[in-house]
Structure formats: structure tokens, C-alpha cells
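Based on the provided sequences and hints, a complete structural model is requested.
Listed below, chain by chain, are the residues.
Protein chains: 4
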Amino acid sequence: METAVKPRTEVELEVRYAETDQMGVVHHSNYLCWFEVARTRHCEESGHHYADIEEQGHWLVVTGASIRYRQGARYGEKVVVSCALDWVATRAVQFAYEVRCEGRLLATGTTEHVWVDRKTRRHCRIPGYLSDTFLRLAGQDRLQRPKS
Amino acid sequence: METAVKPRTEVELEVRYAETDQMGVVHHSNYLCWFEVARTRHCEESGHHYADIEEQGHWLVVTGASIRYRQGARYGEKVVVSCALDWVATRAVQFAYEVRCEGRLLATGTTEHVWVDRKTRRHCRIPGYLSDTFLRLAGQDRLQRPKS
Amino acid sequence: METAVKPRTEVELEVRYAETDQMGVVHHSNYLCWFEVARTRHCEESGHHYADIEEQGHWLVVTGASIRYRQGARYGEKVVVSCALDWVATRAVQFAYEVRCEGRLLATGTTEHVWVDRKTRRHCRIPGYLSDTFLRLAGQDRLQRPKS
Amino acid sequence: METAVKPRTEVELEVRYAETDQMGVVHHSNYLCWFEVARTRHCEESGHHYADIEEQGHWLVVTGASIRYRQGARYGEKVVVSCALDWVATRAVQFAYEVRCEGRLLATGTTEHVWVDRKTRRHCRIPGYLSDTFLRLAGQDRLQRPKS
Numbered sequence: 005m006e007t008a009v010k011p012r013t014e015v016e017l018e019v020r021y022a023e024t025d026q027m028g029v030v031h032h033s034n035y036l037c038w039f040e041v042a043r044t045r046h047c048e049e050s051g052h053h054y055a056d057i058e059e060q061g062h063w064l065v066v067t068g069a070s071i072r073y074r075q076g077a078r079y080g081e082k083v084v085v086s087c088a089l090d091w092v093a094t095r096a097v098q099f100a101y102e103v104r105c106e107g108r109l110l111a112t113g114t115t116e117h118v119w120v121d122r123k124t125r126r127h128c129r130i131p132g133y134l135s136d137t138f139l140r141l142a143g144q145d146r147l148q149r150p151k152s
Numbered sequence: 005m006e007t008a009v010k011p012r013t014e015v016e017l018e019v020r021y022a023e024t025d026q027m028g029v030v031h032h033s034n035y036l037c038w039f040e041v042a043r044t045r046h047c048e049e050s051g052h053h054y055a056d057i058e059e060q061g062h063w064l065v066v067t068g069a070s071i072r073y074r075q076g077a078r079y080g081e082k083v084v085v086s087c088a089l090d091w092v093a094t095r096a097v098q099f100a101y102e103v104r105c106e107g108r109l110l111a112t113g114t115t116e117h118v119w120v121d122r123k124t125r126r127h128c129r130i131p132g133y134l135s136d137t138f139l140r141l142a143g144q145d146r147l148q149r150p151k152s
Numbered sequence: 005m006e007t008a009v010k011p012r013t014e015v016e017l018e019v020r021y022a023e024t025d026q027m028g029v030v031h032h033s034n035y036l037c038w039f040e041v042a043r044t045r046h047c048e049e050s051g052h053h054y055a056d057i058e059e060q061g062h063w064l065v066v067t068g069a070s071i072r073y074r075q076g077a078r079y080g081e082k083v084v085v086s087c088a089l090d091w092v093a094t095r096a097v098q099f100a101y102e103v104r105c106e107g108r109l110l111a112t113g114t115t116e117h118v119w120v121d122r123k124t125r126r127h128c129r130i131p132g133y134l135s136d137t138f139l140r141l142a143g144q145d146r147l148q149r150p151k152s
Numbered sequence: 005m006e007t008a009v010k011p012r013t014e015v016e017l018e019v020r021y022a023e024t025d026q027m028g029v030v031h032h033s034n035y036l037c038w039f040e041v042a043r044t045r046h047c048e049e050s051g052h053h054y055a056d057i058e059e060q061g062h063w064l065v066v067t068g069a070s071i072r073y074r075q076g077a078r079y080g081e082k083v084v085v086s087c088a089l090d091w092v093a094t095r096a097v098q099f100a101y102e103v104r105c106e107g108r109l110l111a112t113g114t115t116e117h118v119w120v121d122r123k124t125r126r127h128c129r130i131p132g133y134l135s136d137t138f139l140r141l142a143g144q145d146r147l148q149r150p151k152s
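Which chain is which? The protein sequence lines are A, B, C and D, in order.
In terms of our numbering, the first sequence has 16 at position 12, counting the first letter as 1, and numbering is strictly consecutive.
In terms of our numbering, the second sequence has 146 at position 142, counting the first letter as 1, and numbering is strictly consecutive.
In terms of our numbering, the third sequence has 17 at position 13, counting the first letter as 1, and numbering is strictly consecutive.
In terms of our numbering, the fourth sequence has 34 at position 30, counting the first letter as 1, and numbering is strictly consecutive.
Since the hints were derived computationally from the structure, they do not count as laboratory data.
What you are looking at is a predicted structure, and each value in this text was computed from that prediction instead of being measured.
Relax, there's no trap hidden among the hints.
Given that identical chains are not distinguished, each listed pair holds provided it fits within a single copy or across any two copies.
Below 25 Å or equal to it, Euclidean Cα-Cα: the simulated DMTMM-like pairs (lysine to aspartate or glutamate) are:
id	residue 1	residue 2
1	Lys82	Glu58
2	Lys82	Glu59
3	Lys82	Glu49
4	Lys123	Glu81
5	Lys82	Asp56
What follows is the structure, encoded as C-alpha cells:
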């Protein structure tokens, strides 16, 4: 069902000292925060900052995450975190991420999300005003069913 | 104006690996989180969990913090964080903290806070239902003016 | 090849205010830190604190993590994080986790790790002095090959 | 003893979702991490990345921190964190920070540090190769005694 190349957004981040642990590399939990920064930028560049999406009344709640770590990132390095929209379904979406440092692949990952209506706090369909954008980001011509 | 000994609450915390940095000790920003855990417990033991205080419509917003670090805390160690209420004024409070490891003093600090009404998002007086408790915690017989 | 019930270690954690995000629940990255606390306790209760394992010259580096989030955890709540050793292979191990709040399952996850020699910074076999313990924790009679 | 204007380095940071708490603003502990990013950049722009300073055998250990919070920072906003070297003494230094958002001052702070020799893990004098740089950053003509 995928009909087009998916746009991919890159963010350059400087490794923060506070992100390291006593192993001398970035603690593995921080990659989820980095993914989030790249996801924020990806939405923003598509025209919808996630802060506005929340303001409009919806949350994109994380329901799953998965990460493969290949090499550590070190304080003093800059990493490039990229994000693409894997797929969008009627009620869920999955983003995919890569973390690189000077070309070397440090980590890959995905996060899965569902839409939640802020007022009712219940799961809901993708907000109508976002579906064209998300379809384009996912390179799909229509909403699919979740793969999982 | 201080008329009584101030009660002090202690919390034992296990140092988390994620809290260390590449220096091999706990990153200094985590002490503010530890202070908060001790402050939460201190309020809870006085009969008012801070989660309930928020639910009742007030925030105790941090307006200042100050920390002296004397020795590092290490993964594998347990620290004891203690909290007391330094003083309570009509619109502000200050808590004081100590962090110890097996008796050794690792750090001391204070945080200053003001009351904010959640609905109006404006500064306000200490909620009436809390003032007796806070006066007792501070060992005061009446609300004082902020020292700073 | 699994020959016995796997021991499971539980840790009770109070949700920290600093762990929440503006959605009003614990930010999803913190679950990896909670898993780590439970993993630390699991190793400790088996007789080998991970701080000692590092001191002896080995790192148990995280190579993968996967989490399913079912319900949010809130400030004011206590969660129970449990950890078991899924399997142990010659050069890798996988731990499994559950996070509960008053019986309700909030999240599940796994982390995969490889052994690294601190001096050479190269992958290595499980340190000899640990293999009996890890086999017992995994309920295995011998080291298996990684499943992934 | 101050003989010149102190150079000041600015870093622009995007507020991360993970940095917010349930009050809807950035949790106060993160300002110490932001200060650190600005301090890193300030050293780097003076010609000495702190990662290299550590590599050369010295730590600049935090011994004190103090912060005044005036307004919250929100997800979706960009903040500018600036750093200057307040003073440099034979064995200690103090940095000062400001956090702004579109001109509005959100917070100010200072951190105090001492030099530690990585090999001996003992306090030491400022490494000789750094003193000219630090004197210039502090706008001093010679090392002073700590003010505290």
C-alpha cells in the first residue's frame, strides 16, 4: 500500500554531559528522548507542531517502543537523529528512527502511538485535519490497519 | 519567631545507574529530584500528599534552589535524603535538605516556592486548610514574611 | 531447554514528580530507568551486585530494549517493577520486566545485553564466576545461543 | 580586579517534551543540564572543549549551584541559555547563566566548581595550560581567591 518515498527529518544534537552514565557513554534511556525531539521536528516540518496538536485537543500517546543499540554516543560528539513515519492507521501510527554520528549508525528504533482525545481521555481516530499530512508522511494513499 | 523543633523526614534512596554520569558519580542535577522526593514525603507525612494539594487546586512552584555538593554519591550506594520546612510565609515557603551516605554528608540545599492558583495561574496566599500544618512543620506560631 | 521456574525480583518505586511530563503521567523514557533498578536488585539478590560486576572488570552493555505501555503511572502512586532473566547465552542475556500499580499491569518490556571486557572494551563471554548464578536465574541447565 | 568585559556564549535549545512535568512547564532540575550545555559551549568557544580537558586529566567538579526561576519554559518554545565566567581563582571557578525565551528572562543561576586531578582524585590548582584562557573569560588579570 506504500505509494511514495517517505520524507525523513534530521535533527543534530550535541551530546549532553548529563546524558552520559558511568560507562562513559550516553545512557540508553536518553535515546527515547532524542527520538522524541526528532519526532517533534518531523511533525513541525510537516506543518503541525505537536504542541499545537495537543492544544487542538489530542494526545499521541506512546504505546510501544523498541530500540537496537549498536555503538555508544560520547560527550563531545554530535549525533544526527532522523525520523520518518513508518505507517499510519485509523487509530495508530508508528515512527522509525536512526541515530548516527559522523555517518556511523549508533542506534535504530521505532515508537508506536495511539490517538487520545484530551477531553474524554479515550482512544480515538486520527484527527481529520491531520490525516492528509500523516498519509503524505507515511507515503500511503489511505489509512491502514495497525500491523501489530 | 521559631517556637519549636522542626520535624524532619528521611527517605532512603538507592542510587540509580541512570543517575550517574561519566565522572562515575551521580550527576548534580539529580539532587533536585531527590530533594523533591523528600519534600513529597515530608508533606505526605504531615497529612497532605502534594498530589492532593494539586488536586485541590494549588501548585507549589519552585522559585529558587541552592545546593552545596561536598562528596559524590555512587551507584551501589544508598543515600538518605532528609527534608525540613525552613520557614513559611504568607505566600512563600522554603524547604531545607541534607543528603547523607552512611552518615557522611554529601550535600545540602534549599528550595523556595510560591503558591499558585491552578485556575487563575496567579500567585496566591497559602491555602487556608494547609496553614496549620505548615506552621507546625516550620515550628512557627504564625506566617512570617519571606526572608529573601 | 528451560528446566525450572525463574526467580523474579520485585522493587517498589514511588513515582517522582520529575518523572512526569505535561501529559500528567510518567514520561515513557523513565521505564528504562525503572527496569534498570529492578535489574540491579535482581542481580543483587542473586549475590552479585552489578556495581561489583563492573568493579570485577565487566560491563553488561544494553544492545536492545523493547517496551509495551498499557496505562500511565501517576505522581502519588507507587509502582512495582519486577524483573526476571529471560535467557542467558554464551555472550548475551535478556531480562524481562513488568510494571504494575495496585495489581494493574502498566507496562512490560525486555532488555538485551552483551558482556564487554572493560579493559579491552571488546565483547566477551559471560564471566566464568557468574555463569552458575545466571543459569539458575534463567532456569536453564546450560548457556544457550541468543534467540535473536 | 575585573579588568575587562566578560565574553558570553549563547546556546539556543528547543524545549524537549521529556523535560516538561505535569505542571506543564520544564521541570526545574533541567536548568542545571541546560547550564551545562551552555558551559560546554563557552569552554569550547574559548578553544578548550571540556571533553578534552577531561581527557587531559582534569575534572571541573560542581561544588555549588544556585538558581532563581522567574517564569516557566514550555514545550514548543526555544530558549536561549547564555553563560559567562564569573570569576576564576587558583582552585575554583564560578560560571553565571541566564535563560531567556524571546527576550523574557526565565531564570538565572550560578555554578561553582573546583579542579580535581583525575589520577589522584584530589583537588588541585587550575591546569597551567588553561589559566590564560580562563583569566580572559573572566576578564581578570590574575587568579583571585574564591569569593565564598
